[in-house]
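Q: These are the residues of each chain, in order.
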Amino acid sequence: MSREAYQVPTASGNNSAPGGGTNLSRTFDTEGVTMNYICGDCGFKFPLRRQDNIRCQECGCRILYKERTKRMVQFEAR
Amino acid sequence: MAPSAGKKRAPPTAEEIDERNMVGVNKETVTNTTSNDYPDNYANEEHAWDKDDFRRSFKVQWHDNQQFEAQFSLIGIDASIANAFRRILIAEIPTLAIETVFVNNNTSVIQDEVLAHRLGLIPFTGSKKVICDVMGFWQKPAEGEDTWSTTFDTNTVGLSLKAKCTHNKDAPQDSKDPKVLYHNAHIYAKDITFDPLGGQSEWFTEDDKIRPVNPDILIAKLRPGQELDIEMHMHKGYGWDHSKYSPVATASYRLMPTIKITQPILGEDAKKFVQCFMPGVAGVEKVTRQEARTPDSGYEGHEGELKVVVKDAMRDTVSREVLRHPEFEGKVKLGRRRDHFIFSIESSGQWDSDELFLEAVKTMKRKCSVLKPQVTNMVYTF
Ligand SMILES: [Zn+2]
Chain A
1 MSREAYQVPT ASGNNSAPGG GTNLSRTFDT EGVTMNYICG DCGFKFPLRR
51 QDNIRCQECG CRILYKERTK RMVQFEAR
Chain B
1 MAPSAGKKRA PPTAEEIDER NMVGVNKETV TNTTSNDYPD NYANEEHAWD
51 KDDFRRSFKV QWHDNQQFEA QFSLIGIDAS IANAFRRILI AEIPTLAIET
101 VFVNNNTSVI QDEVLAHRLG LIPFTGSKKV ICDVMGFWQK PAEGEDTWST
151 TFDTNTVGLS LKAKCTHNKD APQDSKDPKV LYHNAHIYAK DITFDPLGGQ
201 SEWFTEDDKI RPVNPDILIA KLRPGQELDI EMHMHKGYGW DHSKYSPVAT
251 ASYRLMPTIK ITQPILGEDA KKFVQCFMPG VAGVEKVTRQ EARTPDSGYE
301 GHEGELKVVV KDAMRDTVSR EVLRHPEFEG KVKLGRRRDH FIFSIESSGQ
351 WDSDELFLEA VKTMKRKCSV LKPQVTNMVY TF
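Protein chains in written order, with the UniProt record's numbering: chain A, 1 to 78; chain B, 1 to 382.
Calculated from the structure, these hints are not laboratory results.
Any given hint might turn out to be false.
[To be verified] DSSO-like mimics (lysine-lysine), calculated; alpha carbons at most 27 Å apart, straight line:
hint, chain 1, residue 1, chain 2, residue 2
1, B, Lys169, A, Lys45
2, A, Lys45, B, Lys164
3, B, Lys162, A, Lys45
Using the sequences and the hints, build the whole thing.
A: This is the structure we're talking about:
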């Protein structure tokens, strides 16, 4: 079967996108994520408010790390 | 009668033709490397390229034909054509590879960019029919167009990789192996899952879905609390764009080595001679009675002694070790056949090695059919 002769089977819906395939799109949900901090000493994860001491709730360590962003980052695999 | 027409030169003997086709491999030089079978090179010889001549003399010999490893010889072909096949194999046969990586989360020690690059190089396989006939090439959307306006189930394959490393509560106390201590300590290519898009769930059957060729490729190592959450889009591409699209791990050729023993090598020298080559290239045999009785054979009076014979010159690496020893000086001539190409094609897994060569021939034909009308037009213009 040649590429030209092949008919792409389409779903019953009236999809008018070029190529006849299903148009694909992506959505991202970044709402409702609380910002956690990670203790540099014991690795404990906990939320921190503005007026709180910058201090681990478990061990008292004063070095805290922010979590990595949960937002999608796009890369080219090159 | 034309003034220059004198006595016609005799046509070349088989020996002469053989000599013309030989690249000389000497102690410090390589001689006679260029083709010489073209018109006006030899007096009174035609040598214009002729289809029937080619059809008569061209030969293909298979040495090894495994699924992903093929070795064969093309005999009676010019280096330019053999090299064109090699280059097409490497750069002009399309395959499917990971092109875009969407990192939702990656807390492992391997950086996003490096991880994306690693993912791109993993060879994948799946239904050949669908990849070849249904899947087309993805195009970048035009300026101002929606990002996904050119992304369809007919040109994109979705993959995802989600893994979280945790402590293994059931691990033995004295255990030190991270793979035992933690769940998901090592993330392999087999952990990548295929997400069928649109019609793909129908086109790719369960046994023929998109999957890595080698399931045990290590992608990343995790420790408890670290996490990977990645989505990927695969597109079709060419090796000339990026080597991840190349269908071969390597496609190469070498010329057939020749070893000609010009004077007999006997006794202890014979054993030393054999040691100068890879196993199986040369061997020793006893001089027969008949040889010993043949005058001018060089074996007279040496019946029963050991002599050197060439067993399989194809296995020779042409290391030229034999030329370093004074006792073999003038007794052996190394060379390569200029029109005998030993191809070696190692597929990266999406296509079979023999399929790839046939595809390269097809691609070459297509290119020629593009060139042909252009040459014709060129002739008409003048
Ligand atoms: Zn702490």
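Q: So, for every hint listed, does it hold in this structure?
A: Hints and how they fare:
For the given pair, B:Lys169 sits about 20 Å from A:Lys45 by alpha-carbon distance, which is consistent with the 27 Å threshold. Between A:Lys45 and B:Lys164, the direct Cα distance comes to roughly 16 Å. Compliance with the 27 Å bound is thereby established for this hinted pair. The hinted pair formed by B:Lys162 and A:Lys45 meets the criterion: a straight-line CA distance of about 21 Å does not exceed 27 Å.
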